[in-house]
Amino acid sequence: MNLSRREQLTGRVFLIALIVVTLLPFVSMLSAALQPRGTVPNGLEWPSDPQWGNFADAFTAANMGALLRSSLLIVAGVVPVSVLIATMAGFGLGQLRVPGGRLVFGLFLLGLTLPFEAVVTPLYYQMQDLGLLNTRWAIILPLIGLYMPFAVFWMRAHFTNVPVELSEAARVDGSSTWQLFWRVQVPLARPAIASLTILMFLWTWNQFLLAIVLVDDATKRTMAGALGAFQGQWGTDLVLLCAGSLLILTPTLIVFLIFQRQFIKALIQGSVKG
Amino acid sequence: MTSALGSAPTGRDDRRTRTTPTRAHRFRWARAAGTGWLYVLPALVMYAVFVLRPLVLTLQYSLYDWNGIGVARWVGLDNYLTVFTDSDLLKIIGNAIVLIVFFSFIPVALGLLVASMVRRITTGAFGTVVRTILFLPQVIPLVAAGIAWSWLLSSNGLVNQALRAVGLGGVARAWLGDFDTALPAVGVIGAWVLLGLCTILLVTGMSKIDPALYEAARLDGAGPVREFLAVTLPSLRQEIGVCLTVTIIAALASFDIVYISTSGGPGLQTTVPGLEIYRLAFSQRQVGLASALAVVLMLLVLACVLPIQRLSRGEKP
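Chains as they are written, first to last, in UniProt numbering: chain A, 1 to 274; chain B, 1 to 317.
Calculated directly from the structure, the hints in this document are not laboratory data. Possibly wrong hints are sitting among the right ones.
Said to hold, decoys possible - Pair by pair, the computed Cβ-Cβ distance ranges are: (1) R285/B x R261/A: 44 to 54 Å; (2) P99/A x V71/B: 42 to 52 Å; (3) V171/B x V40/A: 15 to 25 Å; (4) V40/A x A165/B: 11 to 21 Å; (5) P50/A x S283/B: 35 to 45 Å; (6) D217/A x L229/B: 47 to 57 Å; (7) L9/A x R313/B: 29 to 39 Å; (8) F84/B x R69/A: 43 to 53 Å; (9) S283/B x L68/A: 28 to 38 Å; (10) S263/B x K265/A: 32 to 42 Å.
Using N, Cα and C, we set each Cβ at its ideal position, and we do this for glycine too.
Using the sequences and the hints, build the whole thing.
This is how it looks when you write it as structure tokens:
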């Protein structure tokens with residue numbers, strides 16, 4: 001593309017401005033988190049004597065160990081099951097093309113734009129009836145259901161594009177549908193499954209509404225839900241609040257930076273298809 | 001092979017000998033359909049139990065006056081009448097619509113501006129760094145974005161510090177606590193969260209446009225504005241549709257950011273439907289009214305999103 005030097009320069013300037021705006025909130029939080037406890041921090045000023053110990057205080061105050069464990073348990077409960085059953089359903093609808101599949105798919109599509117607020121009240125009473133309120137199951141089970149529209153849509157889109165001849169060839173070789181699914185289709189679907197897994201992980205980790213409605217105990221919530229409770233408790237202690245928030249962000253940031261390429265791919269595809 | 005009495009080898013024999021191809025085919029097909037359903041079933045069951053059932057219950061609750069514990073009283077469409085006539089509830093729905101400007105229009109407009117300047121983020125290290133940083137707000141919980149911005153917009157925060165530095169100390173204020181600026185301030189938080197995503201999506205779409213189109217436009221003597229209107233905008237129709245869909249849903253169904261940064265205040269200035277549903281259902285025990293508002297919110301989302309989908313997809317070949 002033949003862009004003049006001047007155009008390229010303005011483009012760069014815009015991008016850099018955008019980057020600064022994106023990063024400023026984090027930097028400002030860090031500068032506040034490093035101020036001495038009990039002082040009132042001011043906008044953005046690097047402390048003369050950075051108090052890195054504030055992070056240790058926040059770690060204890062937020063009960064980070066328990067929070068991490070809780071979030072990991074919830075992710076472990078939601079993500080593998082969601083990905084598995086969505087992949088199976090995508091295979092059934094997109095590849096086996098079960099009769100009545102269009103109707104079922106339409107039913108799933110109904111949920112694609114559904115705000116969680118629309119079902120959270122009945123879910124509360126449903127969980128109460130099941131005796132699961134205030135347990136991690138109250139977050140895990142509804143989330144699996146709520147992810148199905150997107151996840152099935154996503155996997156079906158993949159399986160629709162796999163040529164049916166492939167399945168027929170496997171059948172002629174005498175493999176059962178189950179073998180066909182695991183030995184031929186799942187390995188082929190790995191990129192789609194990987195992106196879906198990343199999105200499910202992120203959405204679960206960051207889920208807030210279900211966590212605060214269905215679970216009172218912050219140590220049984222997701223990270224985002226726990227952060228809400230942390231703000232409620234330490235909202236007036238700005239230094240500790242900023243330190244705690246940054247700590248709670250760290251695990252996601254680390255995972256993001258490691259899988260950065262896959263994350264961005266998943267997020268782009270995820271929004272395009274959703 | 002000889003000892004195989006299982007169903008799969010039998011099917012294979014039928015196929016090979018082709019004694020009664022149609023019957024064998026139909027048999028195999030029916031069996032495959034039956035098995036196929038077993039694959040769809042687990043997802044469907046979870047969806048039915050934890051989404052469809054609650055959805056039907058929301059519809060049902062919305063027709064009753066119920067405090068969540070006692071006996072529910074049938075009131076027909078009264079709750080909906082309240083949603084559409086109560087001035088507070090109308091204001092709350094209006095707030096969500098105002099947020100669309102900030103969550104949706106601003107990120108898309110700015111994203112388009114940046115995209116048309118940049119056209120293509122360099123593939124090298126610079127490009128990777130840009131993409132990574134612009135995606136940060138998508139990765140962190142919205143709650144964290146809310147906390148960070150509550151601090152930035154507070155009276156001692158960075159925003160006021162910057163204003164004072166350039167001699168505009170007079171307009172400095174607690175932006176989220178001020179009656180006039182609270183809603184736009186919440187909007188700015190949403191714009192910050194969604195700007196990076198929109199920019200990346202639009203730049204990605206931009207890089208797929210055939211450069212020949214631009215060269216042709218230039219040869220025809222088109223200036224940057226004409227070029228933007230004649231080439232960029234039509235080519236990005238689909239990407240713009242995606243950005244609008246994602247961001248409008250984020251605006252109408254917003255909850256996390258508002259809950260953390262303002263709790264809906266001051267007064268009802270920043271209360272959005274999601275927050276009001278939560279309050280009505282769990283603090284004020286007006287489950288019926290909360291459910292009616294939930295149904296209205298759901299329909300509002302559909303009313304905004306479906307036309308966009310049609311426009312952005314339908315007219316593409």
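Hint check:
1. R285/B x R261/A: 44 to 54 Å: The hinted range 44 to 54 Å holds for R285/B and R261/A, with Cβ atoms some 49 Å apart.
2. P99/A x V71/B: 42 to 52 Å: About 44 Å separates the Cβ atoms of P99/A and V71/B, which means 42 to 52 Å holds.
3. V171/B x V40/A: 15 to 25 Å: Once the Cβ atoms are compared, 21 Å apart, the range 15 to 25 Å for V40/A and V171/B holds.
4. V40/A x A165/B: 11 to 21 Å: holds, 18 Å
5. P50/A x S283/B: 35 to 45 Å: This hint holds: roughly 41 Å between Cβ atoms.
6. D217/A x L229/B: 47 to 57 Å: For D217/A and L229/B the Cβ distance comes to about 56 Å; the hint holds.
7. L9/A x R313/B: 29 to 39 Å: holds, 36 Å
8. F84/B x R69/A: 43 to 53 Å: Between F84/B and R69/A, where Cβ atoms are some 46 Å apart, the hint holds.
9. S283/B x L68/A: 28 to 38 Å: holds, 30 Å
10. S263/B x K265/A: 32 to 42 Å: Since the Cβ atoms of S263/B and K265/A sit about 37 Å apart, the hinted range of 32 to 42 Å holds.
No hint from the list above goes unmet by this structure.
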